[in-house]
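Chemist: Sequence:
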Amino acid sequence: MVYMWGIKEVYYGCSNDKFGGCGSILSLHSSDSETLISGNPQKKGFKCTGGLMASEAISLLRSFYEQGNPNAPKSHRPLVQKAAD
1 MVYMWGIKEV
11 YYGCSNDKFG
21 GCGSILSLHS
31 SDSETLISGN
41 PQKKGFKCTG
51 GLMASEAISL
61 LRSFYEQGNP
71 NAPKSHRPLV
81 QKAAD
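Be aware that the sequence shown starts at 1, since it is given in UniProt numbering, and climbs by one per residue.
Do not take every clue at face value.
[What the hints assert, rightly or not] Result set (BS3-like, lysine-lysine): computed pairs, CA atoms no more than 27 Å apart in a straight line:
| no. | residue 1 | residue 2 |
| --- | --- | --- |
| 1 | 18 | 82 |
| 2 | 18 | 47 |
| 3 | 47 | 8 |
| 4 | 18 | 74 |
| 5 | 18 | 8 |
[Said to hold, decoys possible] Label-pair restraints from in silico Cβ distances:
| no. | residue 1 | residue 2 | range |
| --- | --- | --- | --- |
| 6 | 9 | 78 | 42 to 52 Å |
| 7 | 74 | 51 | 31 to 41 Å |
| 8 | 54 | 80 | 21 to 31 Å |
| 9 | 69 | 12 | 14 to 24 Å |
Since the hints were made in silico from the structure, they are not lab data. All C-beta atoms, glycine included, are put in the ideal place defined by N, C-alpha and C.
Construct all of the structure, not just a fragment, from the sequences and the given hints.
Modeler: Below, the structure written as structure tokens:
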């Protein structure tokens, strides 16, 4: 889908080893995956470069997720509290 928008290169800070789609788990940026998803062998992949300012990106994401989402619906499962060191 990114290629359909005319994007030829993607740059990102850090990979997601559990759910990543640009080489860490799947290679959605390659032309083979574009063909698989779209069924169109004419589709080309796009260049994907990761690891730019990785430690800063990880810190930013951690900070974001630690804040939580005040608009999120209430959880139906109990939260596990981490023990203090």
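Chemist: Taking the hints in turn, state whether each one holds.
Modeler: Each hint tested on the structure:
{"no.": "1", "hint": "18 to 82", "verdict": "22 Å, holds"}
{"no.": "2", "hint": "18 to 47", "verdict": "21 Å, holds"}
{"no.": "3", "hint": "47 to 8", "verdict": "6 Å, holds"}
{"no.": "4", "hint": "18 to 74", "verdict": "25 Å, holds"}
{"no.": "5", "hint": "18 to 8", "verdict": "25 Å, holds"}
{"no.": "6", "hint": "9 to 78: 42 to 52 Å", "verdict": "44 Å, holds"}
{"no.": "7", "hint": "74 to 51: 31 to 41 Å", "verdict": "37 Å, holds"}
{"no.": "8", "hint": "54 to 80: 21 to 31 Å", "verdict": "28 Å, holds"}
{"no.": "9", "hint": "69 to 12: 14 to 24 Å", "verdict": "22 Å, holds"}
Of the numbered hints given earlier, the model fails none.
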